[in-house]
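Asks: So the sequences go chain by chain: B and Y.
Each number in the numbering used here corresponds to the 1-based position in the first sequence with 426 added.
Each number in the numbering used here corresponds to the 1-based position in the second sequence with 217 added.
It should be emphasised that the hints constitute simulated quantities derived from the structure, not laboratory data.
Even glycine gets a Cβ: it sits at the ideal position worked out from N, Cα and C.
Do not take every clue at face value.
As the list claims (entries may be wrong) - Simulated restraints on C-beta separations:
#, chain 1, residue 1, chain 2, residue 2, range
1, Y, 250, B, 524, 42 to 50 Å
2, Y, 270, B, 525, 53 to 61 Å
3, B, 529, Y, 239, 24 to 32 Å
4, B, 527, Y, 257, 37 to 45 Å
5, B, 529, Y, 257, 41 to 49 Å
6, Y, 272, B, 447, 56 to 64 Å
7, Y, 274, B, 529, 16 to 24 Å
8, Y, 228, B, 452, 25 to 33 Å
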Amino acid sequence: MAKMNGNTSDRVLNTIIGPGCQIKGDLSLDGGLRIDGTVEGNVKAGGPMTVGSEGKIIAPKIDVRSATIGGYVEGDITAPEKLHLEPSAHIVGNIITKVLVIEEGAKFQGNSKIPE
Amino acid sequence: MPTKSGITIFLVPHNRKKSLSLHLEAWQVTLGIILFGVAVLIFVFGVIAGGKSMKIVAENRSLRARNEMLRNERRKIADLERELAETNKLRKWMQSMIAPEGTQKSAEAKTAEVGGMGFLSMLDRPFEMRILPKLDVAEDSRLRRMDFIPRGVPVKGPVTARFGEMGGKFISPHTGIDIAAPKGTVVFTTAAGIVVAVDNDKQLGLVITIDHLNDYKTKYGHLNSASVTTGDWVERGQRIGVVGETGHARGTHVHYELLYRGEAVDPQAEKSIAEKEG
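Bound conformation, chain B alone (with noise of 0.2 Å):
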């Protein structure tokens, strides 16, 4: 469904998740995705996710490569090369990542652990 040409290439962001669309289920991929709709369900990526401000996830386990969130996530975020936190964001939730970026006004309510 949201999986473009089959560009497996684990950097490059090939999906969009268009503002006013609204997923339930589980997202899968090897790229980088950006969110500007909601999800409900786990995402799994191999790329960056990008969450923008309008974004709103929820979900028991989100795992990806790195993210910039500047929207609403509830859930556990593992991110093992960076997580960034802008002034919008909102995060309900524990994180793993090795870099982490929380910006003024960034909302953060969870642990936070770096990856063994």
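Since the structure of chain B is already known, use the hints to place chain Y on it.
Replies: Only chain Y this time, still in chain B's reference frame:
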């Protein structure tokens, strides 16, 4: 939104900012492609034309530089031509000063030869060579010197009184020779020199004295008229006056006197002196 064939261009930021989507209809895409193609063509042609015009500009510049160079060359040549003309004039004048009537002609021929040999070929010669090309200075100067030594007689005619004659009409030894000739006969110089005097002498009548700028001077007496004045340069064989009967004379004749270091000598013996000198 019902979409026919067309494309959507998405600009997706890697942060929370909203992504931009630009939808283009098929005709817009076509138009865009055409415009893009035209733009590319214009650019390519612009580059090519620009390159060409750059080339032309460069060529123009180089031609201009070359033109300037040639103009300078031409100016130089004009200067040299002027210089050559001056030196030729000078040379002719010098030759006329030192050459007898006969060799002057050959000198002029030489000048003509020089003029005709192609000016450009002379440019790469040293300056002295340019001034007097092909002028045999040694030979000419030898000829020159000979021109200043009086030879022969000023008029053709019988010698009526020899050098050193005494008695009769002479109270003292004759200082020259008398050559009889009809009135109006042209009197010629016997050597080149400068007219130092045109006098009216009681004895010799109208008399011309020429200094030959060596040890010799000549005098031509009893002339009817003189066609030179003091200070004139004369060549050998130049007409200086006509025979008359002025002064103390009996019958029209020329009193021709040759002075060697201020002393009168026999003009008819002058040949031996000249040979000694030569």
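Asks: So, for every hint listed, does it hold in this structure?
Replies: Each hint, compared with the structure:
Separated by about 46 Å at the C-beta atoms, residue 250 of chain Y and residue 524 of chain B satisfy the suggested range of 42 to 50 Å. Distance hint for residue 270 of chain Y and residue 525 of chain B: a CB-CB separation of about 55 Å, consistent with the stated range 53 to 61 Å. At about 29 Å, the CB distance of residue 529 of chain B to residue 239 of chain Y agrees with the hint of 24 to 32 Å. The supplied range of 37 to 45 Å is met by residue 527 of chain B and residue 257 of chain Y, whose beta-carbon atoms lie about 42 Å from each other.
Checking the proposed 41 to 49 Å range against residue 529 of chain B and residue 257 of chain Y shows it holds: the Cβ atoms sit about 43 Å from each other. At about 58 Å, the CB distance of residue 272 of chain Y to residue 447 of chain B agrees with the hint of 56 to 64 Å. Separated by about 56 Å at the C-beta atoms, residue 274 of chain Y and residue 529 of chain B break the suggested range of 16 to 24 Å. Checked against the given bound of 25 to 33 Å, the beta carbons of residue 228 of chain Y and residue 452 of chain B, roughly 28 Å apart, stay inside it.
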